[in-house]
Amino acid sequence: MVRIASFNINGIKARLPRLIEWLEETGPDIVCLQEVKSQDEGFPADAFEKIGYGAIWHGQKSFNGVAILAKDAEPIEIRRGLPHLDAGDAGDDHARYIEADVALQDAKPIRVASIYLPNGNPQPGPKFDYKLQWMKRLRAHAKTIWAEEVPAVLAGDYNVVPRPIDIWSDKALTGDALRQPESIAAYRRMLGDGWTDALESRFPAGGVWTYWDYREGAWQQDRGFRIDHLLLSPQAADRLSSCGVDKDHRGREKASDHAPTWCELD
DNA sequence: ATGGTAGACGCTCTA
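If you use this note's numbering, the first sequence corresponds to residues 6 to 271, in order.
Treat the hints as calculated values from the structure; they're not laboratory data.
Certain hints may be false.
As the list claims (entries may be wrong) - In the DSS-like style, the derived pairs of lysine-lysine whose C-alpha atoms are separated by at most 30 Å in a straight line are:
| no. | residue 1 | residue 2 |
| --- | --- | --- |
| 1 | Lys-55 | Lys-76 |
| 2 | Lys-259 | Lys-132 |
| 3 | Lys-55 | Lys-252 |
| 4 | Lys-66 | Lys-132 |
| 5 | Lys-259 | Lys-76 |
| 6 | Lys-148 | Lys-132 |
| 7 | Lys-176 | Lys-141 |
| 8 | Lys-252 | Lys-18 |
| 9 | Lys-18 | Lys-259 |
| 10 | Lys-259 | Lys-66 |
These numbers were taken from a predicted model, which means no experiment stands behind them.
Construct the entire structure; sequences and hints are all you get.
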C-alpha cells in the first residue's frame, strides 16, 4: 500500500511545525507540496531528512514553489518546469511543476508530479490567459507521461473547481477564474484523455472540500471547495483503493488554507 | 462594490 498526498502548505517557513506534525501523524509515503514560497537555499531539507523523508524542490522567492517528499527514499528528478509549446512560454520562470520517479522499498517506481496551477485571477486578463496556456502545456506533457504506460500521479493545486457540487454554493465564485467554463473545460479535457480524478471517482456525489478561505469565517461555516486533485494514469487507477482529505488539519492553529488530500494505491 | 485574512517581503503583491 502506497499513500500519496498533495498539500498546498502556503509558506513552508510559517508552516514547518504543522507540516512535520502532519507527516508524523499520517505517515504518507509520497507528498507533493505547493506554495512553498521559499527560494531553493531556504528549503528545510534537513528537517525532513530527520524524520526519514528524502526531498526534491523547485523554489522561488516569495511565491509559488513546489516539492516532492518520499519516505525512506530519494525522489529521482525527471524534470522541473513544463515544456514550452509556443515562443511565449520561454519567458515563464514560475516554479510550478516538478516531476520525479519514486521507488519505495524495492517496489516498481511511481511517477509523481507536484503541480501548482496558476490561479488566473483577475479574469479576463493576462493572468487568466497564462492559466489557460499553462493548462494546455500541462495536458500536452501529461500525454507524454501517459505514453510511458507507468503508474503516474499528477497531484497538486489545480485551481479549478470541476463541478458545481465541488463548492459550498453554486452561486459562489461565479466570476472567478477557478470556475470559468474555459478553466473547467481544460481540466475536463485531461479527464477525457483518460486521467482519473481520484476523489471524483470515489465521491461522485461531491461535497468534499480541500480548501477553505481564511476570510469571512469560511472554515467555521464549512464554506469550502475542491481544487486539489490527484490525477491517475490507468496503471495507477487500477491500484486505487481509497482516498480522502485530512480535514482536521485545516482547523488547527496556524493551519494552511488547504487541507492535505490523498489516495492509496495497492 | 468592497473587504475580509494570511504569508513573504520590505513600504505591496499574491491568493
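**Report entry** Contradicted hints - numbers only
**Finding:** Going through the list in order, the structure violates no hint and respects every one.
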